[in-house]
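**Student:** Sequence:
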Amino acid sequence: MWFVFLSKAIKLEILARNMNKIILIVFFLGIIFSNPFLFAQQQPADSTAFELKAFFEQVLATHPVVKQAYLVSESGKQELRLARGEFDPKLLSTFSSKEFKGKSYFRKWDTDLKIPLWTGTDLKIGYERNSGENLSDESFVPPEGLLSAGIAIPLGQGMLIDRRRAVLRQAQFFTKIAENEQIKMINKIVLQAAKDYWYWYDAYNQFLINKKGFDLAKFRFEAVVERVKQGEEAGIDSVEAKITLQQREIDFRYSEVALANARLLLSNHLWDENANPLELEPQALPSTNIGLNGNTAKLEELLELARQKHPEIEKLRWKGKQLDTQLRLDREMLKPFFTVQYDFLASPKWFSEKTEDQKYINQSNKIGFDFAFPLFLRKERSKIQMTTIKLKDNYWEQLETNRQIENNLRVIFNELQNTQQLLRLQEEMVVNYRILVAGEIMKFENGESTLFYVNVREGKMLEAEQKLVVLKAKYAKLKAELLWAAGQMPTAE
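So that you can map any letter, position 92 of the sequence shown is 79 in the working numbering, and since no number is skipped, the others follow by simple counting.
Just so you know, the hints here were simulated from the structure itself, not pulled from any lab data.
Treat the hints with caution; some may be incorrect.
What the hints assert, rightly or not - Derived SDA-like pairs: lysine to any residue, alpha-carbon spacing no greater than 20 angstroms straight-line: (1) K175 x V398; (2) K322 x R365; (3) K40 x N280; (4) K182 x K322; (5) K461 x L409.
This structure is a prediction, so every number in the text was calculated from the model and none was measured.
Let the hints inform the model, and build the full structure from the sequences given.
**Tutor:** Put into structure tokens, the structure is as follows:
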């Protein structure tokens, strides 16, 4: 009986002596096999995740660059409006008179309404009233004035296309160019916003990992110092623990500054409705969803999407249409300028009562034509060659742009696929490192290892966790770049 009681007493004594070791092991194992950021800085109770979708919505609604992009599209619309103004009807009126020493030499008043038509033809309605003692015969009109209705038809240059029709066509194409420039600007700023967001995500989680490493080193240093005081450890072990603590504190301070800078970079994209800059809320946290389990579009689908809708390709395509229109106009200038004009003339009384003038309806008119033709056509031929050169330049630029966009898309897609595989490997590596560190701690507490090996294993574990965060941020950035490379706006999907 006394032997049983003695055995129990010895076991209790051993348990009491190793209680500090047991507590230390449980503490480290709880940290290692739990969430890697569990031991990091405690966040305020009101901390909320600033999701990427909400961030994009705020950027698109208030960012100055986005508002600038809308101005580009509006500028294109105004260019089109300006070109349409060439077809506005015009009211013209001139008046002149001369009196000398009480004598009225002449008074001339001429009013016209000109209506340009899409076919290059001009309609004209006019009223002319002249009086005076010294009027020339060609200026003589009935006392009540003279009405005219006429038409001017180009039969040579300007018959198929003229300057105002060409300008209108080019303005219509310019609106398409402006729309694609708007898309390009918005896509670019959203891509930059996405990169800054995931840079913040990286900096924040690096900060948490470094804070965890610092707290672990601090706890171990205090435990080692206590054990040195009790004579259970050599004094040199406290020096080793102190060095590790100092190195981890340096890393922690660096990550603290990096996080503050990342928050400032992200704040560049935050504005309110009144164009006042905003700061990122202190309690805001980055999203933990990097879209790793989301569906990634197939490469061929992205390539086809880029060929059809990429803003750079679309801009060159519409620019080519502009140059085609210009070339048609330049070739039209090779024709002689030949315009026929016809005006029907009548007195205002012709419409209200029967007069002698109605008998001469077929003889009351004015007919004329304008003709011009440069003999050498050097100016016209030079313009054709210059426009042809621009067309060729646009063609080669389009080929080069297509090639660059497709290859850039393939490069990003390959990197994304590789990063996805590396992420899975890195996640497994982090789990294995945690198991390794747990085992090393147990060996250390049993006297089978040294503090140096514990620090090395733990340092490798922290490096693996940091690399995992870097890969996650890189993966999220590549997803945004992939859509951007295909000419689409990055999304939060």
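**Student:** Next, verify each hint and record whether it holds.
**Tutor:** Status of the hints after comparison with the structure:
no. : hint        : verdict
1   : K175 x V398 : 18 angstroms, holds
2   : K322 x R365 : 13 angstroms, holds
3   : K40 x N280  : 17 angstroms, holds
4   : K182 x K322 : 57 angstroms, violated
5   : K461 x L409 : 11 angstroms, holds
Hint compliance for this structure: hint 4 is the single one not met.
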